[in-house]
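**Student:** As a plain string of letters, each chain reads:
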Amino acid sequence: MFDIEKIRGDFPILKQEIYGKPLAYLDNAATTQKPQCVIDAVTCYYEHDNANVHRGVHALSERATADYEAARKKIAFFFNARSEREVIFTRGATEAINLIASSWGGAHIKAGDEVLITHMEHHSNIVPWQMLCERVGATLKVVPINDRGELIMDEFDALLSERTRLVGVVHMSNALGTINPVKSMIEKAHAAGAAVLVDGAQAASHLLVDVQSLDADFYVTSAHKMYGPTGVGVLIGREQILETMPPYQGGCDMISMVTFEKTEYNDLPYKFEAGTPHIAGVIGFGKAIEYIQGIGFDAIGQREKELLDYATAKAEVFDGLRQIGTAKEKACVLSFVLDSVHPHDLGTIVDREGVAIRAGHHCAMPVMQFFKVPATARASFSIYNTEAEVDMLFAALKKAQAIFA
Amino acid sequence: MFDLRDLYLQVIVDHNKAPRNFGKLARFNHEADGYNPLCGDKLHVYLDINDAGIIEDVSFEGEGCAISVASASLMTEAVKGTPLSGFQKKFETFQHMVTADLEETPDEEKLGKLAVLAGVREFPSRIKCAVLCWHTLKSAVTDSHVVAKTE
Numbered sequence: 000m001f002d003i004e005k006i007r008g009d010f011p012i013l014k015q016e017i018y019g020k021p022l023a024y025l026d027n028a029a030t031t032q033k034p035q036c037v038i039d040a041v042t043c044y045y046e047h048d049n050a051n052v053h054r055g056v057h058a059l060s061e062r063a064t065a066d067y068e069a070a071r072k073k074i075a076f077f078f079n080a081r082s083e084r085e086v087i088f089t090r091g092a093t094e095a096i097n098l099i100a101s102s103w104g105g106a107h108i109k110a111g112d113e114v115l116i117t118h119m120e121h122h123s124n125i126v127p128w129q130m131l132c133e134r135v136g137a138t139l140k141v142v143p144i145n146d147r148g149e150l151i152m153d154e155f156d157a158l159l160s161e162r163t164r165l166v167g168v169v170h171m172s173n174a175l176g177t178i179n180p181v182k183s184m185i186e187k188a189h190a191a192g193a194a195v196l197v198d199g200a201q202a203a204s205h206l207l208v209d210v211q212s213l214d215a216d217f218y219v220t221s222a223h224k225m226y227g228p229t230g231v232g233v234l235i236g237r238e239q240i241l242e243t244m245p246p247y248q249g250g251c252d253m254i255s256m257v258t259f260e261k262t263e264y265n266d267l268p269y270k271f272e273a274g275t276p277h278i279a280g281v282i283g284f285g286k287a288i289e290y291i292q293g294i295g296f297d298a299i300g301q302r303e304k305e306l307l308d309y310a311t312a313k314a315e316v317f318d319g320l321r322q323i324g325t326a327k328e329k330a331c332v333l334s335f336v337l338d339s340v341h342p343h344d345l346g347t348i349v350d351r352e353g354v355a356i357r358a359g360h361h362c363a364m365p366v367m368q369f370f371k372v373p374a375t376a377r378a379s380f381s382i383y384n385t386e387a388e389v390d391m392l393f394a395a396l397k398k399a400q401a402i403f404a
Numbered sequence: 000m001f002d003l004r005d006l007y008l009q010v011i012v013d014h015n016k017a018p019r020n021f022g023k024l025a026r027f028n029h030e031a032d033g034y035n036p037l038c039g040d041k042l043h044v045y046l047d048i049n050d051a052g053i054i055e056d057v058s059f060e061g062e063g064c065a066i067s068v069a070s071a072s073l074m075t076e077a078v079k080g081t082p083l084s085g086f087q088k089k090f091e092t093f094q095h096m097v098t099a100d101l102e103e104t105p106d107e108e109k110l111g112k113l114a115v116l117a118g119v120r121e122f123p124s125r126i127k128c129a130v131l132c133w134h135t136l137k138s139a140v141t142d143s144h145v146v147a148k149t150e
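Those sequence lines, one after another, are chains G and R.
Numbering that gives the first Met the number 0 numbers the first residue of the first sequence as 0 and each following residue consecutively.
Numbering that gives the first Met the number 0 numbers the first residue of the second sequence as 0 and each following residue consecutively.
Hints may contain errors.
Said to hold, decoys possible - Straight-line distance between alpha carbons at most 25 Å, and here's what the computed BS3-like set of lysine-lysine pairs gives:
(1) Lys397(G) with Lys16(R)
(2) Lys398(G) with Lys127(R)
(3) Lys398(G) with Lys16(R)
Treat the hints as calculated values from the structure; they're not laboratory data.
All values reported here derive from a predicted model rather than from experimental measurement.
With the hints as extra help, turn the sequences into a complete structure.
**Tutor:** Written out as structure tokens, the structure is:
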């Protein structure tokens, strides 16, 4: 049973007022709020267990290491990785993609090869590939989208060729809410001999992700969009592929032996974790994963669908509102423009009503270019949002229209 | 507490709806682009400065939020027909107004109608919307070919 009051009670930040109005936090696609258990896990680490990991023989270091590695185990289980060796902690999804582009891409993508991404990628799954293509003389290809904000799969099939080395695709679009058919795309890409990177930054708190069932070569996400801390994320990679990849950054923890003549690199996953990691962040990430598991994806999916359906029904009858992104398969995102109010003015006006939304290009400028808008307003929902908060949003939109009437 | 109506004063709403001096000038001898990557606001300013150093005509084109459009519209009214030598002072006065302490009362004598934009001080993320046009005009005056930004 989904107990919304209990869930809201888990998030201390939601209790506050903004300009004298109750806060309605509808910017979850940018970052989610943190439940008390995650905040406590981070605090507890600093209050009781703070030490460096994988180094000391003293009690604190043993505890910190045990908690850090326990989080890795939880995360491996959550994504159904084959083992913890496939779970590499990074600063976030962005760094994970840069790691793949630099290490795997640098070794496997050559002049004349192609990297195939989609028109709805976040900048973090565009720019690293552009940089790589420029460096090695490869070509970046882009799968187009239709007016609903869905990938045109015939075009994907046509663009996939023996020149394609890698397909990079977002699991769920942060700007549009579209959920892409990644499983069938992976199957087709593999048949064409290409590896696949799935950007799960937006998806992983909303959808059950099983990297083995998807057969993804690389799956990346960020903890902060999953009720965890900022500054930490994960790359889940296929072990056989990770084994062949050169290190991304050099430093301590990623080595087993260093002399001035030669350095031997550490085993997976440490080979890709140079330097002292974000220990508190990883521990908090593990706790956030537990929190999600405690609610379960069946309940999450059902609740978030109810909310999106409720908001979409209101949007459809709202005068002067144009939705951007109306994919058949979508979740949690209501992106829109009003014909009389610019998104930035809207953002400011609804903020004064206590409603936090995002106004802008959502780090997906090509999506804005496709829909010929400079920016959109975006309300994005999470497990703790309510119908009353959606009502607050639409009341605030009315107010904005009145100001510009 | 600051009211939204103080930011979106009727003057601002009017200038956004019907911007003055909007469109390309038939004759101009200076121009510049302004771009705010965070918002996507885009602006192009045209300027006709005569031999006597007077801003004979000025106009702008582009798209942006109400604050940026109204600010550009009000700016063109404020500088049209004035000597170029006074531009830098006007630029600084405006910049000061939108970044000054909230307690400070805007100098309406110096600012004239531009004082209606003093409300953006309350909204730090929107200050750049109000000043983009001024940076763009400055680029046009100095014939800078770099796209003006506010950051």
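**Student:** Look at each hint and say if it fits the structure.
**Tutor:** Okay, the hints, checked on the actual structure:
At roughly 18 Å between alpha-carbon atoms, Lys397(G) and Lys16(R) fall within 25 Å of each other, so this suggested pair holds. A threshold of 25 Å between alpha carbons decides the hint, and for Lys398(G) with Lys127(R) the separation of about 24 Å falls inside it, so the pair holds. For a cut-off of 25 Å, the pair hint linking Lys398(G) to Lys16(R) stands: about 17 Å separates their Cα positions.
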